[in-house]
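Asker: Residue strings, one per chain:
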Amino acid sequence: DAKTTQPNSMESNEEEPVHLPCNHSTISGTDYIHWYRQLPSQGPEYVIHGLTSNVNNRMASLAIAEDRKSSTLILHRATLRDAAVYYCILRPYSGGGADGLTFGKGTHLIIQP
Amino acid sequence: NAGVTQTPKFRVLKTGQSMTLLCAQDMNHEYMYWYRQDPGMGLRLIHYSVGEGTTAKGEVPDGYNVSRLKKQNFLLGLESAAPSQTSVYFCASSRLAGGSYEQYFGPGTRLTVT
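So the sequence lines, in the order shown, correspond to chains P and A.
All letters in the first sequence, in the order written, are residues 5 to 117 by our numbering.
All letters in the second sequence, in the order written, are residues 23 to 136 by our numbering.
Don't read these hints as lab results, they were simulated from the structure.
It is possible that part of the hints are untrue.
Here are some chain A residues the structure puts well away from chain P; computed CB gaps all over 10 angstroms [what the hints assert, rightly or not]:
1) Thr29
2) Leu35
3) Asp48
4) Met49
5) Gly75
6) Asp84
7) Lys93
8) Ser122
For the chain A half of the interface with chain P, some residues (derived, Cβ under 10 angstroms), not all of them [stated by the list, open to error]:
9) Ala24
10) Gly62
11) Tyr86
As the structure is a prediction and not an experimental result, all values here were calculated from the model.
A virtual CB, placed ideally from N, CA and C, is assigned to each residue, including glycine.
Turn these sequences into a full structure, and let the hints guide you.
Answerer: The following block contains the structure:
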């Protein structure tokens, strides 16, 4: 999988929006951008994924740069439950779906009450 | 739906003992995976399966065996446990959605080998 770069940690206040950045300058044209998160003592949880256009779901929004070399996961109103490690992972087009995920170090998001 | 479940949640083994971890999913997913996570580290893929009766090696397969006799179950075996296998083990299954595969994880099994 192509490499991604994320800040080691970020801090935000409860009920405020959070923007988690991810750089992926070597992304290929068929790579999807996936985000997962891992809450303390739990398994990873799928958050969202996209290819070119911005995506929204009930958990978050994904904003993808026009050149696709970076993306931002947006939590619109952070709660204490959103404190977790967030992973940005590039995945090939569906033909590569059998492969496991490659987890980097991710961003440790701290939410202050 | 229960999603992905793992049995047991915790286990302590002595060096040389064997055990089997069970993963079950009720989402009719074709692909299933076993990962391990060591303290402060990301997950690493042990083995995976693209369908009933098929398995393949991942990044760190040594010391583990797997079987997928039924579509909904994926078993991970340790034949002779070693302290280096002390870890948290996560199972996952995946589905194709929006052109790419999403993975769904179980709650994990915390294994300690003394």
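Asker: All the hints need checking, so say for each whether the structure fits it.
Answerer: Right, here's what the structure says about each hint:
Separation of Thr29/A from chain P is adequate, the least Cβ-Cβ distance of about 14 angstroms exceeding the 10 angstroms criterion. Every CB of chain P is more than 10 angstroms from the CB of Leu35/A (nearest about 21 angstroms), matching its label as outside the interface. Non-interface status of Asp48/A relative to chain P is upheld: no Cβ of that chain comes within 10 angstroms, the nearest being about 16 angstroms off. With a cut of 10 angstroms on Cβ distances, Met49/A stays outside the contact zone with chain P, its closest approach being about 12 angstroms.
Distance to chain P confirms Gly75/A as a non-interface residue, since its nearest Cβ pair spans about 15 angstroms, more than 10 angstroms. No beta-carbon of chain P comes within 10 angstroms of the beta-carbon of Asp84/A; the shortest separation is about 16 angstroms. The Cβ of Lys93/A lies farther than 10 angstroms from every Cβ of chain P, with a closest approach of about 15 angstroms, so its non-interface assignment holds. The Cβ of Ser122/A does not lie farther than 10 angstroms from every Cβ of chain P; its closest approach is about 4 angstroms, which violates its non-interface assignment.
The restraint placing Ala24/A at the interface with chain P is violated, with a minimum CB-CB distance near 14 angstroms, outside the 10 angstroms limit. For the restraint placing Gly62/A at the interface with chain P, the shortest Cβ-Cβ distance is roughly 9 angstroms, inside the 10 angstroms limit, so the hint holds. For Tyr86/A, the interface hint is violated, the least distance from its beta-carbon to any beta-carbon of chain P being 14 angstroms, above 10 angstroms.
Violated hints, in rising order: 8, 9, 11; the structure is consistent with all others.
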